[in-house]
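**Student:** Numbered per the UniProt record's numbering, the sequence shown spans residues 1 to 282.
Hints in this document: simulated from the structure, not taken from any laboratory. Just so it is clear, the structure is predicted and the values come from calculations on it, not from any experiment. Where a beta carbon is used, it is the ideal one built from N, C-alpha and C, also for glycine. Among the hints, erroneous ones may be present.
[To be verified] Below are the EDC-like pairs computed for lysine to aspartate or glutamate, each with C-alpha atoms no more than 20 angstroms apart in a straight line:
{"hint": "1", "residue 1": "Lys52", "residue 2": "Asp116"}
{"hint": "2", "residue 1": "Lys255", "residue 2": "Glu35"}
{"hint": "3", "residue 1": "Lys168", "residue 2": "Asp59"}
{"hint": "4", "residue 1": "Lys65", "residue 2": "Asp98"}
{"hint": "5", "residue 1": "Lys12", "residue 2": "Asp56"}
{"hint": "6", "residue 1": "Lys206", "residue 2": "Asp235"}
{"hint": "7", "residue 1": "Lys65", "residue 2": "Asp116"}
{"hint": "8", "residue 1": "Lys167", "residue 2": "Glu62"}
{"hint": "9", "residue 1": "Lys120", "residue 2": "Asp95"}
{"hint": "10", "residue 1": "Lys52", "residue 2": "Glu90"}
{"hint": "11", "residue 1": "Lys168", "residue 2": "Glu62"}
{"hint": "12", "residue 1": "Lys167", "residue 2": "Glu90"}
{"hint": "13", "residue 1": "Lys97", "residue 2": "Asp59"}
{"hint": "14", "residue 1": "Lys12", "residue 2": "Asp116"}
{"hint": "15", "residue 1": "Lys57", "residue 2": "Glu35"}
{"hint": "16", "residue 1": "Lys58", "residue 2": "Asp116"}
{"hint": "17", "residue 1": "Lys120", "residue 2": "Asp98"}
{"hint": "18", "residue 1": "Lys168", "residue 2": "Asp235"}
{"hint": "19", "residue 1": "Lys52", "residue 2": "Glu62"}
{"hint": "20", "residue 1": "Lys65", "residue 2": "Glu96"}
{"hint": "21", "residue 1": "Lys57", "residue 2": "Glu90"}
{"hint": "22", "residue 1": "Lys58", "residue 2": "Asp98"}
{"hint": "23", "residue 1": "Lys12", "residue 2": "Glu90"}
{"hint": "24", "residue 1": "Lys120", "residue 2": "Glu90"}
{"hint": "25", "residue 1": "Lys57", "residue 2": "Asp98"}
{"hint": "26", "residue 1": "Lys52", "residue 2": "Glu35"}
{"hint": "27", "residue 1": "Lys12", "residue 2": "Glu35"}
{"hint": "28", "residue 1": "Lys12", "residue 2": "Asp59"}
{"hint": "29", "residue 1": "Lys57", "residue 2": "Asp17"}
{"hint": "30", "residue 1": "Lys57", "residue 2": "Asp95"}
{"hint": "31", "residue 1": "Lys65", "residue 2": "Asp95"}
{"hint": "32", "residue 1": "Lys58", "residue 2": "Glu35"}
[Stated by the list, open to error] Label pairs and their calculated CB-CB ranges:
{"hint": "33", "residue 1": "Ser202", "residue 2": "Tyr252", "range": "17 to 23 angstroms"}
{"hint": "34", "residue 1": "Leu68", "residue 2": "Lys206", "range": "52 to 58 angstroms"}
{"hint": "35", "residue 1": "Ile144", "residue 2": "Val274", "range": "54 to 60 angstroms"}
{"hint": "36", "residue 1": "Leu68", "residue 2": "Gly198", "range": "41 to 47 angstroms"}
{"hint": "37", "residue 1": "Met270", "residue 2": "Leu68", "range": "45 to 51 angstroms"}
{"hint": "38", "residue 1": "Val227", "residue 2": "Tyr252", "range": "42 to 48 angstroms"}
{"hint": "39", "residue 1": "Lys206", "residue 2": "Ile144", "range": "22 to 28 angstroms"}
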Amino acid sequence: MSEEKLTAPEHKLNNRDIWRMFMRLNTMRITLNYETLQGVGFMRAIAPALAKIYPDKKDLSEAMKRHLVFYNSHVNFDAVILGLSAAMEETTTPDEKDGINPLKTGLMGPLAGLGDSLIKFTWLPIVGSIGASIAFGGSIFGPILMFILYNVINMGARYYAVSFGYKKGIDFLNNNEQNDVIQRISTMANVVGLMVVGALISTVIKVKTPLKIVVHSNVSNKVGGNVISLQTMFDKIMPGLLSLLVTVLVYYILKKTNGKHAAMLIIAMMVVVVGLTYFKIL
Numbered sequence: 001m002s003e004e005k006l007t008a009p010e011h012k013l014n015n016r017d018i019w020r021m022f023m024r025l026n027t028m029r030i031t032l033n034y035e036t037l038q039g040v041g042f043m044r045a046i047a048p049a050l051a052k053i054y055p056d057k058k059d060l061s062e063a064m065k066r067h068l069v070f071y072n073s074h075v076n077f078d079a080v081i082l083g084l085s086a087a088m089e090e091t092t093t094p095d096e097k098d099g100i101n102p103l104k105t106g107l108m109g110p111l112a113g114l115g116d117s118l119i120k121f122t123w124l125p126i127v128g129s130i131g132a133s134i135a136f137g138g139s140i141f142g143p144i145l146m147f148i149l150y151n152v153i154n155m156g157a158r159y160y161a162v163s164f165g166y167k168k169g170i171d172f173l174n175n176n177e178q179n180d181v182i183q184r185i186s187t188m189a190n191v192v193g194l195m196v197v198g199a200l201i202s203t204v205i206k207v208k209t210p211l212k213i214v215v216h217s218n219v220s221n222k223v224g225g226n227v228i229s230l231q232t233m234f235d236k237i238m239p240g241l242l243s244l245l246v247t248v249l250v251y252y253i254l255k256k257t258n259g260k261h262a263a264m265l266i267i268a269m270m271v272v273v274v275g276l277t278y279f280k281i282l
């Protein structure tokens, strides 16, 4: 594959074509199957670009068959690969078309991990915690705000990613310095996500104990003592310590069992909480 063709693409697609690919991208998983997973949906999403790039029906048919292969990645970063694939379809020679699918295969794994980190495990918990905090206050605006905030970034990122992948994707791949940018963005997003989750634990999860310790003393044959509240002692060590310990325990169990026994865990926790409350331990 020649370097000149990769770095100087001739853009045949306009914004309307990119919009059509973006709209089809949103329904890509409708055709999910066990043979190609997202392969059929990817071919359907890139079809408007292929129809414009290949006026000849035979060439168009070959291009569509080329994308009817196994494919699976994160939906937001599918957009980058979609745009990049369209750029490669119009910039490569017929002898170089076989390099398109290997590039897709090489990108879909790493980009899926990046998409899960940024969208699923960072942005979604952030907006979810914001919406949950408002909803706990009795306002219906909480879930509405979560829906709006999540989809503004989610849908906006998809459209921009298609355009970016098509117009700048090849240059981006050829510039190794951009790898540091991706790593920094991912790290910062994860830090923000952890901060939000930590704040959510301390504000939403309330685990306190009414237990008290009586320290007896015997001075001049007079029995007396000091009462020490365990909750006050825990708060001096770290506010919300019990809430954090319960969260860590639940997370550990879910991770250990891969979430297979989540229902049983919830029932067991309810029984334990009722029992501890009955005996005035919580």
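**Student:** The structure should be examined with respect to each hint, and the outcome stated for every one.
**Tutor:** A quick look at each hint next to the structure:
{"no.": "1", "hint": "Lys52 x Asp116", "verdict": "violated, 32 angstroms"}
{"no.": "2", "hint": "Lys255 x Glu35", "verdict": "violated, 29 angstroms"}
{"no.": "3", "hint": "Lys168 x Asp59", "verdict": "violated, 25 angstroms"}
{"no.": "4", "hint": "Lys65 x Asp98", "verdict": "holds, 12 angstroms"}
{"no.": "5", "hint": "Lys12 x Asp56", "verdict": "holds, 15 angstroms"}
{"no.": "6", "hint": "Lys206 x Asp235", "verdict": "holds, 13 angstroms"}
{"no.": "7", "hint": "Lys65 x Asp116", "verdict": "violated, 29 angstroms"}
{"no.": "8", "hint": "Lys167 x Glu62", "verdict": "violated, 24 angstroms"}
{"no.": "9", "hint": "Lys120 x Asp95", "verdict": "violated, 39 angstroms"}
{"no.": "10", "hint": "Lys52 x Glu90", "verdict": "holds, 10 angstroms"}
{"no.": "11", "hint": "Lys168 x Glu62", "verdict": "violated, 25 angstroms"}
{"no.": "12", "hint": "Lys167 x Glu90", "verdict": "holds, 12 angstroms"}
{"no.": "13", "hint": "Lys97 x Asp59", "verdict": "holds, 11 angstroms"}
{"no.": "14", "hint": "Lys12 x Asp116", "verdict": "violated, 32 angstroms"}
{"no.": "15", "hint": "Lys57 x Glu35", "verdict": "violated, 26 angstroms"}
{"no.": "16", "hint": "Lys58 x Asp116", "verdict": "violated, 38 angstroms"}
{"no.": "17", "hint": "Lys120 x Asp98", "verdict": "violated, 33 angstroms"}
{"no.": "18", "hint": "Lys168 x Asp235", "verdict": "violated, 53 angstroms"}
{"no.": "19", "hint": "Lys52 x Glu62", "verdict": "holds, 14 angstroms"}
{"no.": "20", "hint": "Lys65 x Glu96", "verdict": "holds, 16 angstroms"}
{"no.": "21", "hint": "Lys57 x Glu90", "verdict": "holds, 15 angstroms"}
{"no.": "22", "hint": "Lys58 x Asp98", "verdict": "holds, 17 angstroms"}
{"no.": "23", "hint": "Lys12 x Glu90", "verdict": "holds, 8 angstroms"}
{"no.": "24", "hint": "Lys120 x Glu90", "verdict": "violated, 33 angstroms"}
{"no.": "25", "hint": "Lys57 x Asp98", "verdict": "holds, 19 angstroms"}
{"no.": "26", "hint": "Lys52 x Glu35", "verdict": "violated, 28 angstroms"}
{"no.": "27", "hint": "Lys12 x Glu35", "verdict": "violated, 32 angstroms"}
{"no.": "28", "hint": "Lys12 x Asp59", "verdict": "holds, 16 angstroms"}
{"no.": "29", "hint": "Lys57 x Asp17", "verdict": "holds, 19 angstroms"}
{"no.": "30", "hint": "Lys57 x Asp95", "verdict": "holds, 18 angstroms"}
{"no.": "31", "hint": "Lys65 x Asp95", "verdict": "holds, 16 angstroms"}
{"no.": "32", "hint": "Lys58 x Glu35", "verdict": "violated, 25 angstroms"}
{"no.": "33", "hint": "Ser202 x Tyr252: 17 to 23 angstroms", "verdict": "holds, 19 angstroms"}
{"no.": "34", "hint": "Leu68 x Lys206: 52 to 58 angstroms", "verdict": "holds, 53 angstroms"}
{"no.": "35", "hint": "Ile144 x Val274: 54 to 60 angstroms", "verdict": "violated, 34 angstroms"}
{"no.": "36", "hint": "Leu68 x Gly198: 41 to 47 angstroms", "verdict": "holds, 46 angstroms"}
{"no.": "37", "hint": "Met270 x Leu68: 45 to 51 angstroms", "verdict": "holds, 49 angstroms"}
{"no.": "38", "hint": "Val227 x Tyr252: 42 to 48 angstroms", "verdict": "violated, 34 angstroms"}
{"no.": "39", "hint": "Lys206 x Ile144: 22 to 28 angstroms", "verdict": "holds, 25 angstroms"}
Violated hints, in rising order: 1, 2, 3, 7, 8, 9, 11, 14, 15, 16, 17, 18, 24, 26, 27, 32, 35 and 38; the structure is consistent with all others.
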